[in-house]
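Peer 1: Residue strings, one per chain:
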Amino acid sequence: MSWVLARGLSRGWGSICWDTLSGSHFSQVTPQAPWSLHYSTVNHKDEAWLVPQPSEPQRKPIRVLTPHEELFRPSPDGERDKASFVGAVQNFRQYSVHKRGHVDFIYLALRKMQEFGVERDLAVYNLLLDVFPKEVFRPRNVFQRIFVHYPRQQECGIAVLEQMERHGIMPNKDTEFLLIQIFGYKSYPMLKFLRMKLWLTRFKNINPYPIPRDLPQDPVDLAKLGLRHMEPDLSAKVTVYQMALPSDTPGAEDPTQPHIVGIQSPEQQATLAHHNPSRPVFVEGPFSLWLRNKCVYYYILRADLPPPEEKKVEEIPEEWNLYYPMKLDLDYARGNWDNYEFDIDKVTEGPIFAMCMAGAHDQGTLIKWIQGLQETNPALAQIPVVFRLARSPGELLTSSGLEGPSPLQAPPQGQEDDHPLQPLQQQGQSGVSGA
Amino acid sequence: MFGCSLLRRAAAVARAWQGLEVLRARRRPLHTSPQCPAFAKELFLGNLELKGIFPFPEVSQDELNEINQFVGPVEKFFTEEVDSRKIDQEGKIPVDTLEKLKSLGLFGMQVPEEYGGLGLSNTMYARLGEIISMDGSISVTLAAHQAIGLKGIILVGSEEQKAKYLPKLASGEHIAAFCLTEPASGSDAASIQTRATLSEDKKHFVLNGSKVWITNGALASIFTVFAKTEVVDSDGSTKDKITAFIVERGFGGITNGKPEDKLGIRGSNTCEVHFENTKVPVENVLGEVGGGFKVAMNILNSGRFSMGTIVAGMLKKLIELTTEYACTRKQFNRNLSEFGLIQEKFALMAQKAYVMESMAYLTAGMLDQPGFPDCSIEAAMVKVFSSEAAWQCVSEALQILGGSGYMKDYPYERMLRDSRILLIFEGTNEILRMYIALTGLQHAGRILTSRINELKRGNVITVMETIGRRLRDSLGRAVDLGLTGNPGFVHPSLGDSAVKLEENVYYFGRTVETLLLRFGKTIVEEQLVLKRVANILINLYGMTAVLSRASRSIRIGLQNHDHEVLLANMFCVEAYFQNLFSLSQLDKYAPENLDEQIKKVSQQILEKRAYVCAHPLDRTS
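Chains as they are written, first to last, in our numbering: chain A, 1 to 435; chain B, 1001 to 1621.
Think of the hints as simulated: they come from the structure by calculation, not from any bench. Check before you lean on any hint, since a few could be wrong.
Claimed, not checked - Per the computed footprint, the stretches of chain B lying under chain A, defined by three or more beta-carbons under 8 Å from a beta-carbon of chain A, are:
1. 1289–1298
2. 1429–1443
3. 1521–1527
Claimed, not checked - Sample of chain B residues facing chain A (criterion: CB under 10 Å; computed from the structure):
4. L1180
5. S1185
6. D1188
7. I1242
8. N1301
9. I1452
10. L1516
11. L1517
12. R1518
13. K1608
14. R1609
15. A1614
Every residue, glycine too, gets a C-beta built ideally from N, C-alpha and C.
Next comes chain A alone, as it looks inside the complex (with noise of 0.2 Å):
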């Protein structure tokens, strides 16, 4: 412990506060196991998906108890909520009256929030807080404040605020009364909850694009919910191509029915329709979405930029305002000083139609879509549709390892038919296989 204080002197105040955070990680080492220093998953397993772990092989880590474990087992009737987690709190205050082990307790708490369903829960972070006794730790001399007095409470304080700011939670009064209890003013807790404070006020609406905080379940609203992400025309149109059929349904032909969900604008219609026929779409994906822990995959049709020499030039129609003149005729233009625009090169791009998410990732399922987009644009069935599939997601299977078991949100697992991709049969057109 003596290597933190020395750090922590070296640097300051704010990096102190860093320095302590990770000595937070092997506070809760026990003494047993002092070569899983930094990489106890077990220890850690509820902050690991914040952060991408490097998946370097690990040792298997020797699993010890860890005390108080038996207060968080499963009651009887097997209720995990609120309630059973704050009984569990308030059978350790009586069980230990003088808080003995009072640090790993909390550690422990800490890692147990989530199964209760009570990581977002203010009280229940400030009630933690409460198990510490009180004016213990509070230094009562200089020498006492300059050195980080009780360091491993003091780390264990902080790492109860920061999972209060993994999770977004603002601490409020209690929490900040209760510190200055417990830790006093010049202690590295209240330092941390000043930041608090601070930052997460400033941050917590700095995403333009808010996600709800619990996302819905439905995996036909989820890729709802994706497809008006990504798409900024509020008066784009979301429209379900297939239900997925319960699997149970009887007499189904194709038991795996999967979902399609697509969202088109009436500017991306209005470009599809003046498509030049001659030149083909392409169906793209799947492409990578998170929305919060969850990574949904969606497709886009596109077309490529068609060449200049087919660009329509828009000219103003002589006859066209009826009130007042669309342009003055006059041969001079703006000044340079009146250009407010900033230098910017923009690499145009063809233009996208329309996107959309399935519950399938193989090209039946994207057919099904293109045919239910013909119906809104007839247009599209004159021109060929080439589907340009990558196998898998790359490099989004592994990161996709470390979100929760979502089974509907799996990657696609590459394509099931091997031969290289044909287009639509219908359109009778040579294909293009893709990446």
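Once you have looked at the hints, place chain B on chain A.
Peer 2: Chain B alone, transformed into the frame defined by chain A:
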């Protein structure tokens, strides 16, 4: 070296001279043609074109007697027999009222006498408008009939068409309607869907399509309809162009939707009109095939000036009603009329009425000058000013009346509802502001072309001249455009206001030049700039009109001309400061100019399609 620079200078002088020649050559047709006093257009160059403006246009004694004879019975009819409240409640004008209107000849006010109309001049027509305005529904019905409905026949109809249709329209036996607006087409002529196809025997067109919000749609038996037709261009390609048709209800295939339920002018009939395979003989093409766009523009541009007198008539009536109330209602043992805030409202109403009356009659007088002058900008300015003043004044009048203004027992809420449409129809005020500003800028831009090109090229003489002028301007320059003096156009008691007007006009001209230099033809996209240009121009026109009218009143000794002087000076001072503010806004980077912020705010709102700010009670912790 010396010789070289001398040569260059000589070349520059020659070029400048050339430019001047071009300028002169371009200007000449403006001055020599019988058309165009073009007062408003000249304002854009910083000139005051006084011909036709000073002295204020007058009518002869005979005409005046004639119109007064005519006004009497109409006024009596409107005050005694028209029940506006009933018309508003029942949503239609009673048949006997319509019959009486017809017998008074009000359906053919501007139809020439040889076709059975009254053949009134624009000034007389404006005078009658004052009286007709006593009922909103009736004035809208009449305006839809003759200001736009049958106007096309008068303007571009052939002799046969005039002889065939005008007599019955003038007598009111037939009512006319103007069918332009479509569900997908407001001011956008390119999106008109109604189509007329020439039949195989080339004897008639077959008309198909729907028109919406057609005033008099259910009453009318003659429609002026605009539809797309295929026209073979000079180079042999076919093009869709708009053509105007005279369509009789008897041609068949014409159906109406149900009457629309409206906020105001509820007595007027507004509905959809559908045409289904209506056969229109080729003789009924109004103007040329493919020339409908110009016909529509001419009709729309010609009808606007009359709104000025219609609103003025309404305001005069409103002032009578509200003064009555203010002088009898007692609070704290004092009449309402003794409170400053109430007095202010009357001054406002009188001032607005005075200005719009002056503007409207000035425009009408200009229109009545020989040679079909183009006063469409002036007419649009009258429309914008009067409609906005109407809304503002009626709202202030309601304020004077307090609670009773809000009640259906009194006519005020109906007037408020009726006056709201004025800002919308005949071209919304926003659109008309664009028209006012762009038409003037086009004119100024053409004349200034050579000068601006030389400035852009960095011609030393032009640049130095411009800089010198700016320097002189900034050191305080007394502008004299010839309004005052001895003897001046303007009476000395209005001298201060006249100087203010001259100053505004001069600096407006400078600003227009700067704007053209800055934006060139892309100024079309700068709508916030254009709005301010239009606002300044409207104020300038108003100032000119009141100065001209008040000067005339003093000189010929009309009754209460001192009151007129008060109103005129008051308006001129207000308008002057408004103009100074707008002019400073038009300067680039002026602190008053919030364009950037305005655009940003609206962009963010439109992106979210909602109010963006968090609720004031929201917390982050």
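Peer 1: Determine for every hint whether it applies to the structure shown.
Peer 2: These are the hints, each one checked on the structure:
no.: 1; hint: 1289–1298; in the structure: holds (count 3)
no.: 2; hint: 1429–1443; in the structure: holds (count 8)
no.: 3; hint: 1521–1527; in the structure: holds (count 4)
no.: 4; hint: L1180; in the structure: holds (7 Å)
no.: 5; hint: S1185; in the structure: holds (9 Å)
no.: 6; hint: D1188; in the structure: holds (7 Å)
no.: 7; hint: I1242; in the structure: holds (7 Å)
no.: 8; hint: N1301; in the structure: holds (9 Å)
no.: 9; hint: I1452; in the structure: holds (6 Å)
no.: 10; hint: L1516; in the structure: holds (8 Å)
no.: 11; hint: L1517; in the structure: holds (6 Å)
no.: 12; hint: R1518; in the structure: holds (5 Å)
no.: 13; hint: K1608; in the structure: holds (8 Å)
no.: 14; hint: R1609; in the structure: holds (5 Å)
no.: 15; hint: A1614; in the structure: holds (8 Å)
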